[in-house]
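Trainee: Here are the chains, one letter per residue:
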Amino acid sequence: MAQNVYSLNVVGYVNVTLPANAFSLVANPLDASSGGTIVGGNDITNLFKGMADSSTIQTWDPAGFGGLGDFSASTTYIGGIGWDAQLQMPPGKGVLLYNAGPALSVTFVGNVVQGPYTVATLNSGSFAMVGSPVPMSGSVTNSTSQLGLVPADSDTIQKWDPAGFGGFGDWTAADTFIAGPNVWDPGTLTIGPGEGFFYYRSGATTTWQSNFTVQ
Amino acid sequence: MKKLLITMAATLVCVGAFAQGKIGFATDGIHLAYFSTDTAKLNTGDSALGGRGLYTVTISSLAGAPSLVADLWAGTSATTLAKVSSAPSWSAVAEGRWTGVNTILPSTPAFPAGTVAFFQVQIHDSRAVDAASAWLQNGWYAGQTTVFQATPGPTAYSSIANVSTAAPFSTWGPGTQQITGMAAGNFGAIEVFATIPEPGTFALAGLGLASLLIFRRRK
Numbered sequence: 001m002a003q004n005v006y007s008l009n010v011v012g013y014v015n016v017t018l019p020a021n022a023f024s025l026v027a028n029p030l031d032a033s034s035g036g037t038i039v040g041g042n043d044i045t046n047l048f049k050g051m052a053d054s055s056t057i058q059t060w061d062p063a064g065f066g067g068l069g070d071f072s073a074s075t076t077y078i079g080g081i082g083w084d085a086q087l088q089m090p091p092g093k094g095v096l097l098y099n100a101g102p103a104l105s106v107t108f109v110g111n112v113v114q115g116p117y118t119v120a121t122l123n124s125g126s127f128a129m130v131g132s133p134v135p136m137s138g139s140v141t142n143s144t145s146q147l148g149l150v151p152a153d154s155d156t157i158q159k160w161d162p163a164g165f166g167g168f169g170d171w172t173a174a175d176t177f178i179a180g181p182n183v184w185d186p187g188t189l190t191i192g193p194g195e196g197f198f199y200y201r202s203g204a205t206t207t208w209q210s211n212f213t214v215q
Numbered sequence: 216m217k218k219l220l221i222t223m224a225a226t227l228v229c230v231g232a233f234a235q236g237k238i239g240f241a242t243d244g245i246h247l248a249y250f251s252t253d254t255a256k257l258n259t260g261d262s263a264l265g266g267r268g269l270y271t272v273t274i275s276s277l278a279g280a281p282s283l284v285a286d287l288w289a290g291t292s293a294t295t296l297a298k299v300s301s302a303p304s305w306s307a308v309a310e311g312r313w314t315g316v317n318t319i320l321p322s323t324p325a326f327p328a329g330t331v332a333f334f335q336v337q338i339h340d341s342r343a344v345d346a347a348s349a350w351l352q353n354g355w356y357a358g359q360t361t362v363f364q365a366t367p368g369p370t371a372y373s374s375i376a377n378v379s380t381a382a383p384f385s386t387w388g389p390g391t392q393q394i395t396g397m398a399a400g401n402f403g404a405i406e407v408f409a410t411i412p413e414p415g416t417f418a419l420a421g422l423g424l425a426s427l428l429i430f431r432r433r434k
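Chains A and B, in that order, are what the protein sequence lines are.
Residues 1 to 215 in the numbering used here are what the first sequence lists, from first letter to last.
Residues 216 to 434 in the numbering used here are what the second sequence lists, from first letter to last.
Simulated from the structure, these hints should not be mistaken for laboratory data.
Some hints here could point you the wrong way.
[What the hints assert, rightly or not] One side of the interface only, derived from the structure: several residues of chain A facing chain B at Cβ under 7 Å:
(1) Leu-68
(2) Asp-185
(3) Ser-202
[As the list claims (entries may be wrong)] So the derived list for chain A, only partly shown, Cβ under 10 Å to chain B, looks like this:
(4) Thr-59
(5) Phe-65
(6) Gly-69
(7) Gly-80
(8) Ala-173
(9) Gly-187
(10) Thr-207
(11) Phe-212
[As the list claims (entries may be wrong)] DEER-style ranges, computed between Cβ atoms:
(12) B/Gly-329 to A/Phe-165: 17 to 23 Å
(13) B/Gly-423 to A/Ala-152: 56 to 62 Å
(14) B/Ala-293 to A/Gly-166: 30 to 36 Å
We treat Cβ as the ideally placed atom computed from N, Cα and C, and that holds for glycine.
Excised from the complex, chain A in its bound form:
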C-alpha cells in the first residue's frame, strides 16, 4: 500500500512593481535556489530578466567611502544580453535597482524560507540594506521582530522613496526603536513584500536569524 508523502515546502510568488526610470530598494522575499523556478536560483541573472537596457543594481558596502558606507559599483543590464555580472541575492538581501525603462512588474518565485535562517549580520554603528526573507508586509515589526531580529535601542529603519529628492529618490525619515516601551517611533513606516529597507544598528553587532514557519 502506497503511503502519502507530504512536502513541507511552501512555494509562492510575489509581484513587485519597479517604477519607471527610478531607483527602488528591493529584497528577495523567496528562495529560488531550491524548488525555485530556473537554474540560477537567487542570482540576479535569474531574478531580474527582461530589464530595460542600462538598468543597474547596486549593493550596500558598509566599508565604502572611508567607512561611512556607500553604494557599490553598478552591475548593469545590457539590453538583449543580460546583466554584465552575476550577483547572489539570497532571501533578505536588499539591493538598489535602477529601472531604466517603463514601470515593470517583477515576479519572485520560490520557497518560503522556513526554520532557522541567517538573514544578515548587523554591524554596530553601521547601515545594512536588507529586507524580510519571507513575503511579509505591514509595520516594520512584521519585517523585524516577528522574524527574529532583536532591535536595540536607537536602531533605525528607513525606506527608499523613489520620488524623494526631486524625483531622484532618497531615504525616508526613520523609524527609531525605543527600548523600554519597545516600540518603533513614530512607527509610521510600512514595508511591502519584496521591499528592502535600510537598517542602522546602534546596538552591539548581532546576527539576524529568522525562524519562520508557515502556519
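Add chain B to chain A, keeping to what the hints say.
Mentor: Here is chain B on its own, set in the frame of chain A:
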C-alpha cells in the same frame, strides 16, 4: 545609445546630489534633551519636570504653554555655524527625543561628504531665533551642546548621535544625566533651562528704582 547617454546624465546628477554631505539630525538614548534638575532654572510650576526628557508630553505641560524647537547648526569651522535643519516635532513616546530629520547640508559653504564638519544642537523657545537669544529673555527655555565634529555621509544620513566605537562618526560626547523616570542607561546630554532672575535681583532692581525716584524728587 541615446538611452545610455540619458542614463549616464541622470547618474551624474545623482552622483552630484549624493556628493553633497548628508547627515541625520537625530538623537539616541545617550544624547537626550532634558529639563535641568536645578529647579532654580525652571519656571514656577515646572519644577516637577526637572530631570525629565523633552517630548510632547512634558513640553505640552510647561507653564505658559511655550513651544520648543530643536535646531541643527553646522559650519566648516567651530566659529562659522549657521542653522541648517529644524526638527518638525518631538517624539510622542520617547522622552528626550525629537523627530529625526534627513538633512542635506548646504552647498554654500560646501559640506562635501567625507569631510569633517562642525555641528551644534540648539533647543530653544520658538519665539527666539536661537538658544542664546532665548536665554536673554526671562523664563524662556533653551539648551545647547558644545560644538562637536561629525562626518557627513555620501548616501546615508548617518546620525550625529552615532558615536559607536565600531564606527566613530561623531565626537558628540554621550550624556551623563540619568533621565528621571526612565530605565537605567537613558542619559541626557542637552540640559534645557531658563534664565530665572533670583528674588535678590528683583529686590536690587526695586531698590535702585526707589533710589532714583528719591534722588529726582530731592533735585
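Trainee: Determine for every hint whether it applies to the structure shown.
Mentor: A quick look at each hint next to the structure:
| no. | hint | in the structure |
| --- | --- | --- |
| 1 | Leu-68 | 5 Å, holds |
| 2 | Asp-185 | 5 Å, holds |
| 3 | Ser-202 | 6 Å, holds |
| 4 | Thr-59 | 12 Å, violated |
| 5 | Phe-65 | 5 Å, holds |
| 6 | Gly-69 | 5 Å, holds |
| 7 | Gly-80 | 13 Å, violated |
| 8 | Ala-173 | 6 Å, holds |
| 9 | Gly-187 | 8 Å, holds |
| 10 | Thr-207 | 15 Å, violated |
| 11 | Phe-212 | 28 Å, violated |
| 12 | B/Gly-329 to A/Phe-165: 17 to 23 Å | 19 Å, holds |
| 13 | B/Gly-423 to A/Ala-152: 56 to 62 Å | 57 Å, holds |
| 14 | B/Ala-293 to A/Gly-166: 30 to 36 Å | 32 Å, holds |
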